[in-house]
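With chain A held as given, fit chain B onto it using these hints.
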Amino acid sequence: METHDHDHPDVHQKSAAEPAPRYYEIMETAVRELLVEKKLVGPGEIRRQIEVLDSRTPALGAKVVARAWVDPEFRARLLANGRTACESEFGISFYDDTKLIVLENTDKIHNLIVCTLCSCYPRPVLGLPPDWYKAKPYRARAVREPRAVLAEFGTDIPEDVEIRVSDSTAMVRYLVLPQRPVGTENFTEEQLAEIVTRDAMIGVVRVNLENRSTP
Amino acid sequence: MNSTENLVKRLPNDIGGLPADRIQQIDHELLPWEKRCHALADVLDFHKIINTEEKRRGVEQLGGEMVGKLTYYERWIVAFAFILFQKAILTPDELAQKMKEVESRYSRSTL
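Order-wise, the sequence lines are chains A and B. Under the working numbering, think of the first position of the first sequence as 1, with each following residue one higher. Under the working numbering, think of the first position of the second sequence as 1, with each following residue one higher.
Hints were generated in silico from the structure; no laboratory data involved.
What follows is a set of in silico ranges between Cβ atoms, one per label pair, in the way DEER data are often shown: (1) B/29 - A/42: 23 to 29 Å; (2) A/48 - B/104: 26 to 32 Å; (3) B/29 - A/136: 17 to 23 Å.
Mimicking DSBU-like on lysine-lysine, the simulated pairs with C-alpha atoms at most 35 Å apart in a straight line are: (4) B/100 - A/134; (5) A/136 - B/98; (6) B/35 - A/38; (7) B/55 - A/136; (8) A/99 - B/48; (9) A/38 - B/87; (10) A/134 - B/48; (11) B/69 - A/99; (12) B/48 - A/136; (13) A/39 - B/69; (14) A/38 - B/100; (15) B/98 - A/39; (16) B/35 - A/99; (17) A/38 - B/98; (18) B/55 - A/99; (19) A/63 - B/48; (20) B/35 - A/39; (21) B/35 - A/136; (22) B/69 - A/134; (23) B/9 - A/99; (24) A/134 - B/55; (25) B/35 - A/134; (26) B/69 - A/136; (27) B/48 - B/100; (28) A/38 - B/48; (29) B/55 - A/39; (30) B/69 - A/38; (31) B/48 - A/39; (32) A/39 - B/100.
Where is the CB? At the ideal position from N, CA and C, for every residue including glycine.
Isolated chain A, as found in the complex (with noise of 0.2 Å):
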């Protein structure tokens, strides 16, 4: 993507079609440009930054969970620290210096993770949170009935599983790596990655194989 900003200072384009902005869009304006004038940004910064979110999506985090399935070592690296393996293998910045733990599913434990307080998710490997995620049902609900919750997502698990909820914080978030369907056995690992959903790796479905894309 080309990361031209230097002759752009206004990052809002405007055009003909478009409506005259409400109260809060009108406030974002003003904020964005007295703190530009100020030079405590620069005039570049947002669009700049707009680029690095638009770069960001479950992709990414497929990418790592598909890693992980292929490659033990890999995935033992990348559960003892998640942020260092997915910086140093994959080159993924993590713009918003959180730390990232990897919460793998088992035979005998299903993790789901949620922001209780607010809306805190692993960014930097799965792009903004959907807003089902950051709305009051789903946070309230998922650290007292996990089960019932995730059986509105049609997930279905069973009794002797573990279920465990990670609540994140501003500094730590979570990912969890899905366990691999059977019957992928000869799969390559992008097509592995391509089975990978952005709500598997919240926990809220496993990866199933009718959640492969057609090509």
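This is chain B only, laid out in the frame that chain A set:
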């Protein structure tokens, strides 16, 4: 229990474990200003002007009614404005003035 006690024990953000509705699996593509607001949050954090925890607390300090009625990024930008006032980085007058100016640009361009 005293009826006001819960207001103290449960600040607006502290909802983990409370009863709540069924999960609606909703999502939306961020509006351009919402994405700019998110990028602004990150940049404020990079420059150590407002970090993530200050932002969260700033939203909480908007109080229950605003937390309940404003949308996600509306809460963020209002919280940023209040925090920037508290830190004496911006003044309320300055922001009001700038908002008037921004608004007038749009009303001019639609004439």
